[in-house]
Structures are given as C-alpha cells and as structure tokens.
Amino acid sequence: MTTLLDRPHTALLVIDVQNGVVNHAHDRDRVVANIATLVDRARAAGAAVIWVADHSGELVRDSEPWRIVPELARRDDEPLVHKAYPDAFEETDLAAVLAERGIGRLVVAGAQTDQCIRSTLHGAFARGYDATLVADAHTTEDLTAYGAPPPEQVIAHTNLYWRDHTAPGRTAGAVDTADVEFAATPAGV
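For the sequence shown, the positions run 1 to 189 when UniProt numbering is used.
These are calculated hints, taken from the structure and not from any lab test.
Errors might be hidden in some of the hints.
Claimed, not checked - Derived DEER-like restraints, expressed as beta-carbon distance ranges: (1) ALA145 - ASP6: 43 to 53 angstroms; (2) ALA183 - ALA145: 17 to 27 angstroms; (3) THR144 - PRO8: 17 to 27 angstroms; (4) GLU181 - ARG30: 20 to 30 angstroms; (5) ARG75 - TYR146: 34 to 44 angstroms; (6) THR3 - GLN153: 24 to 34 angstroms; (7) GLU64 - GLY169: 35 to 45 angstroms; (8) ALA44 - ASP6: 36 to 46 angstroms; (9) HIS24 - ALA156: 18 to 28 angstroms; (10) GLU58 - ALA33: 39 to 49 angstroms; (11) TYR161 - GLU90: 14 to 24 angstroms; (12) ASP29 - ALA156: 30 to 40 angstroms; (13) GLN153 - ARG75: 13 to 23 angstroms.
Just so it is clear, CB atoms sit at the ideal spot from N, CA and C, and this is done for glycine as well.
Given the sequences, and given the hints that come with them, work out the whole structure.
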C-alpha cells in the first residue's frame with residue numbers, strides 16, 4: 001500500500017525508549033514490556049527492528065540518561081538512528097536505513113507521545129510510508145503543570161487521531177500490541 005516503490009518490508013521503529021526520556025513516563029513499565037514483546041515478535045518474524053535515540057539537551061551520547069532502558073537490548077545488527085529533532089527523519093539517516101532494507105511500512109512505538117511519536121508518524125506518512133501506531137506501546141511524561149492534558153488523555157487522543165488517519169495510497173492505524181502483525185505487506189493491520 002505504501003506509495004514508495006519496491007518497499008514490501010515492515011520494520012518496528014522503537015523511538016527514544018531511553019532512561020532519561022521514559023524514567024518518569026506514564027505507565028512506563030507496562031509500555032516498556034509491550035515494546036519488549038514487539039521487539040521479540042518482530043525479530044521472530046524476520047522484520048527489521050530500528051532503534052532511534054535522541055541526543056539533544058540532557059541526553060548526551062553514551063551517558064546514562066541517553067542509554068536505552070535496561071529491559072530492552074538492541075542487537076549489534078539492528079540500526080541505531082541518532083536524532084536531535086522530534087521527527088526521526090529530520091537530519092538523520094533513517095530514510096536511507098529504511099530504503100536500504102526495502103521498508104515501506106513502519107510499526108511505531110516509544111516516547112514521547114506528544115512530541116517524537118506524533119512528529120515521526122507524520123514525517124513517515126508525509127514521506128509515503130504506511131505507519132501503524134502501537135496504541136499500548138507509547139507513552140509520555142506528565143506535562144499538566146505546563147497546561148497539557150494528563151498523559152492518559154494525550155495517549156488516548158493520539159490513538160484516536162491516528163486510528164482514523166488517512167491519505168491517498170497509504171495506510172495508517174492504531175492497534176494494540178497483541179494485534180500487530182509483522183507481515184511483509186499490510187495484512188489487516
């Protein structure tokens with residue numbers, strides 16, 4: 001379905017599940033456990049697992065806050081994309097990594113819902129990728145002190161919005177971890 005030519009493969013895109021990002025995130029442990037399940041299932045299905053790590057602000061490369069949470073283990077053969085902007089495509093090699101592997105469909109999980117998840121979903125969709133959000137595998141911190149809705153509302157609204165997102169020649173959607181399929185081409189997900 002993707003508008004990108006010769007891109008039949010699917011990848012799990014794990015965004016910013018780093019100590020300094022999810023340390024105080026809403027429902028952190030459940031979300032990280034769901035992401036671990038997705039990583040295992042993607043690997044078992046032969047789908048690529050692409051890791052994204054933010055290195056802006058206090059997330060200095062190779063520091064403890066920058067590291068991926070200990071519950072998740074990136075394999076040496078799985079790409080790690082370094083980013084400094086919310087959209088993981090901006091000034092990174094993500095597009096090249098995906099092109100090299102023939103990936104046209106992304107299954108997206110990680111943090112933070114209201115920044116990097118939304119930005120990367122939109123960035124992927126605008127660039128022609130099919131993009132599925134894993135509804136129970138993304139999270140954000142509580143920013144109500146700054147006027148934002150509570151995290152559970154931010155997450156619910158993002159799921160609602162992305163579940164019905166459409167554009168010509170591309171598919172979107174939001175599904176729970178249990179319903180994600182890592183088929184080479186979209187098969188009902």
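Each hint, compared with the structure:
{"no.": "1", "hint": "ALA145 - ASP6: 43 to 53 angstroms", "in the structure": "holds (48 angstroms)"}
{"no.": "2", "hint": "ALA183 - ALA145: 17 to 27 angstroms", "in the structure": "violated (42 angstroms)"}
{"no.": "3", "hint": "THR144 - PRO8: 17 to 27 angstroms", "in the structure": "violated (43 angstroms)"}
{"no.": "4", "hint": "GLU181 - ARG30: 20 to 30 angstroms", "in the structure": "holds (21 angstroms)"}
{"no.": "5", "hint": "ARG75 - TYR146: 34 to 44 angstroms", "in the structure": "holds (37 angstroms)"}
{"no.": "6", "hint": "THR3 - GLN153: 24 to 34 angstroms", "in the structure": "holds (32 angstroms)"}
{"no.": "7", "hint": "GLU64 - GLY169: 35 to 45 angstroms", "in the structure": "holds (43 angstroms)"}
{"no.": "8", "hint": "ALA44 - ASP6: 36 to 46 angstroms", "in the structure": "violated (25 angstroms)"}
{"no.": "9", "hint": "HIS24 - ALA156: 18 to 28 angstroms", "in the structure": "holds (19 angstroms)"}
{"no.": "10", "hint": "GLU58 - ALA33: 39 to 49 angstroms", "in the structure": "violated (25 angstroms)"}
{"no.": "11", "hint": "TYR161 - GLU90: 14 to 24 angstroms", "in the structure": "holds (21 angstroms)"}
{"no.": "12", "hint": "ASP29 - ALA156: 30 to 40 angstroms", "in the structure": "violated (19 angstroms)"}
{"no.": "13", "hint": "GLN153 - ARG75: 13 to 23 angstroms", "in the structure": "violated (35 angstroms)"}
In summary, the structure is inconsistent with hints 2, 3, 8, 10, 12, 13 from the numbered list given earlier, while agreeing with the others.
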